[in-house]
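Enquirer: The chain contents come next:
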Amino acid sequence: MKRIGAFVLPVLLVAGFSVFVWSEGVRELVLRSMFPGRISYIYERVTLARLLSQHVALVAVSSGLAAAVGVALGVFVTRPIGRDFHPIVQDISSVAQTFPPVAVLALAVPAIGFGFAPSIVALFVYSILPVINNTISGLDSVDPAVIEASRGMGMKRGQILWLTELPLAARVIFAGIRTSLVINIGTATVGAVVGAGGLGTVIVSGLVRDNSAYVFTGAATAAFLAFGLDFVIGRIQNRLYDARSD
Amino acid sequence: MIEFRNVVKHYGGQTAVDSVSFSIARAEVCVLIGPSGCGKTTTLKLINRMLEPSSGEVLLDGYPVASFEPEELRRGIGYVIQSVGLFPHMSVAENVGIVPRLVKWERSRRERRTDELLDLIGLDPAQYRRKYPSELSGGEAQRVGVARALAADPPVLLMDEPFGAVDPLNRETLQLEFAALQRKLRKTVVFVTHDLDEAIRLADHVVIMREGRILQHDQPAQVLASPANEFVRQFVGVDRALKRLACFEVGDHMKRAETITREESRNRLNEPNGDGGYHPILWVTNRDQALVGMLEPELNRRSPLAYRPYVELHPAEVGVRPAASLREALSRILGQGLRAVPVINDEGRVLGEVRLSDIEELNQTGITR
Ligand SMILES: Nc1ncnc2c1ncn2[C@@H]1O[C@H](COP(=O)(O)OP(=O)(O)OP(=O)(O)O)[C@@H](O)[C@H]1O
Ligand SMILES: [Mg+2]
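For the record, the sequence lines run as chains A and B.
Using the numbering used here, read the first sequence as starting at 1 and increasing by one per residue.
Using the numbering used here, read the second sequence as starting at 1001 and increasing by one per residue.
One chain only, chain A, in its complex shape (with noise of 0.2 Å):
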């Protein structure tokens, strides 16, 4: 019973979801009996498909590449090679993550300016360090005597990076790269004001001409976005670690 509990919610929610989405009719329907009397309920300039499309490809692109630079970041610094910059790179992603992201996107628009890709530079920028932040701290946990075993047993460098240190720091690794995803959803909003459009688009909108319908399509949207992409992870991460209890 319990299981297909677990199966049917989330199915029903991304029905409902899609529905909200694609469905003009719907949407006006359920905005209307939460915020009656307004003008107007559906934002007519874009559809609410499309923001939610520009967005994910805003999130997509940034977090692949601050997963990707972040990880192969942490590595290098925790190879012979890169020590030295250990120390550095470490202070800097754990001091710049207490920026707030809005903050960090402020800064970008005058030194990169406006639209796309300057927001896909700032979005990248932010949330690369919580990426770097748990690279390292993953491979620096990693058990000092099990690298031992994997050097006694023959393993070459590159060898104990795939098979041993990689595998015992993905956890905390995924981790890192799921905190990024979920915060660069949200962060993501803030690119409308920069003109990067995505479902800020809708609630600044919303904001301007003092339209909580507008508000409430944009942030729920957004919301279900990150909510759902942080429930998928976790799934998966507890896929891939079920079977050993370590």
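Any given hint could be a false lead.
Derived CB-CB ranges, DEER-like [said to hold, decoys possible]:
(1) B:Ala-1165 - A:Gln-237: 29 to 35 Å
(2) A:Arg-79 - B:Arg-1213: 34 to 40 Å
(3) A:Ser-141 - B:Gly-1237: 40 to 46 Å
(4) B:Asn-1229 - A:Arg-79: 45 to 51 Å
(5) B:Ser-1137 - A:Phe-7: 35 to 41 Å
I should point out that these hints are in silico values taken from the structure, not numbers from a laboratory.
The beta carbon of each residue, even a glycine, is placed where N, CA and C say it ideally should be.
Fit chain B with the ligands to the known structure of chain A by using the hints.
Expert: Relative to chain A, chain B with the ligands alone:
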């Protein structure tokens, strides 16, 4: 097979191995033993180039180990790590199959080999293949560590306190299993321990170390019989004579035993004491020639008869196996209050006997005071 030539290893200002020279023959078990921090692990790691000597050289099969690629060298040398060192993220099968994987065996061959090894170390492959190290008991993990070292069938095995982390009872089981395995596999084994009984049980030669130097390198019986100096004497303990008996096998020291049937025993019971000459214990066997009892000689000279009345025996309690040690035989002799105990095989048949007098003699000839 393995030779150390004036090997020195410094860590910073500290000398961990100090000008060590010795060699280990093919198919022998050489046990390095000594107090904690005396340089045993360091010595071991110099063989597979986990460490490089500060000076001197280590030879393997006549070639300096420095002439091999380190990784290639290590894949050809089995290594059982102090404190097990299994990979926590890999299943038992993956752990055992790691070296074959590194040397690029095909998957099917790897899997066959893994199952074969799990069988060899007494873990049912079907049950254990998929388990993770965190799901194993200490003893099982140690066994898997040994299987992993054997996986690619290396001629040389380095074992760093392989059974250190298990309770004494399990440790003894593991030692006996390993001894049996080694009789089959005949690897060249360098074995580190600080358990003297373990060394005596397994070693062909022991190397006793202290502060990076070798104090004595000899067969265990020889070390126990004549310790090279005061430190070794103390290290092996005041009960070294008794420990030394553990180095000898019953099978090598048994004498012919006299066996008779139950019917014959009735006649012998009337045998007169006569001139008080030597009367052996008469081991009484049944129709299947299995031990059932004995006639013990009468020690009281004035008694008219040579033998005391028939006594029934439990073979399992009295008899020792040929593979048992003289130490065990002695403890049976003392436990039974007899002059000798029978040596029996699995069917309970009498193969011979071990006499207290022989043990005493062996003890006196070897030991120096
Ligand atoms: N990486 C290292 N750096 C500095 N000193 C070391 C290092 N490894 C070992 N030593 C020192 O070298 C000496 C020998 O160490 P080793 O590990 O060979 O001892 P051991 O005989 O194996 O001891 P144990 O029985 O405790 O395992 C010790 O005094 C130890 O403190
Ligand atoms: Mg050691």
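Enquirer: Would you mind marking each hint as holding or not holding in the structure?
Expert: Hint-by-hint comparison with the structure:
no.: 1; hint: B:Ala-1165 - A:Gln-237: 29 to 35 Å; verdict: holds (32 Å)
no.: 2; hint: A:Arg-79 - B:Arg-1213: 34 to 40 Å; verdict: holds (38 Å)
no.: 3; hint: A:Ser-141 - B:Gly-1237: 40 to 46 Å; verdict: holds (43 Å)
no.: 4; hint: B:Asn-1229 - A:Arg-79: 45 to 51 Å; verdict: holds (48 Å)
no.: 5; hint: B:Ser-1137 - A:Phe-7: 35 to 41 Å; verdict: holds (37 Å)
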